[in-house]
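Enquirer: Sequence:
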Amino acid sequence: QCDPAYIRVLRDLGFTAYRGMENNWVENKVHVRFPLRILRLTDTYFPITGYGSCTPEQEDGIWNLRGTQMFRPIFKPLKFMEGLKVHRIKRRMLYAAKNGLTFHLWWHPHNIGVRTAEHMAQLEEIFRYYAELKEKYGMESRNMREATEK
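Residue numbers (our numbering): 1 to 150.
Any given hint could turn out to be false.
As the list claims (entries may be wrong) - Mimicking DMTMM-like on lysine to aspartate or glutamate, the simulated pairs with C-alpha atoms at most 25 angstroms apart in a straight line are:
| # | residue 1 | residue 2 |
| --- | --- | --- |
| 1 | LYS90 | GLU146 |
| 2 | LYS98 | GLU132 |
| 3 | LYS90 | GLU125 |
| 4 | LYS136 | GLU124 |
| 5 | LYS98 | GLU135 |
Since the hints were made in silico from the structure, they are not lab data.
The whole structure should be built from the sequences, with the hints applied where relevant.
Expert: Encoded structure:
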């Protein structure tokens with residue numbers, strides 16, 4: 001997923017940062033097998049891989065801003081668990097805020113292009129929580145360039 005040859009190409013083309021893979025035992029498996037997909041899905045709702053926050057790392061002249069958690073699209077058969085997904089994200093944000101770490105929530109735009117109102121409501125809840133963490137712990141929201149300049 002993060003082939004070193006591709007990362008060198010990014011650097012050579014002038015990119016200064018990329019979103020690397022989450023740093024946990026589930027995400028670090030290159031070959032996706034069905035059991036790993038189940039574990040990834042489970043980790044969306046339950047903390048099987050811990051909190052996973054990190055700080056940006058410079059590797060070979062380019063910054064790796066590892067994803068902390070993917071904002072996964074609503075999975076209809078598990079829709080009843082969506083509250084757990086948002087709660088999991090908030091717990092990871094709290095951990096990062098308390099420990100001065102980076103929490104990197106990411107998604108692919110097409111993943112929230114359906115059920116848009118529901119996804120936006122979840123994101124609004126997460127953004128409101130971020131405002132609380134900013135007030136209480138000084139958590140900062142930064143884009144990828146800003147995160148590498150810190």
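Enquirer: Now tell me, hint by hint, if it's right for this structure.
Expert: Evaluated hints:
1. Our distance criterion of 25 angstroms between C-alpha atoms is met by LYS90 and GLU146, whose separation comes to about 22 angstroms.
2. With a C-alpha separation of about 12 angstroms, the suggested pairing of LYS98 with GLU132 holds against the 25 angstroms cut-off.
3. Pair hint LYS90 plus GLU125 holds up; C-alpha atoms about 9 angstroms apart against a cutoff of 25 angstroms.
4. Proposed proximity of LYS136 and GLU124 is supported: the alpha carbons are some 19 angstroms apart, at most 25 angstroms.
5. The suggested pairing of LYS98 with GLU135 holds, with an alpha-carbon distance near 12 angstroms, which does not exceed 25 angstroms.
Against the hints set out earlier in the document, no violation occurs for any number.
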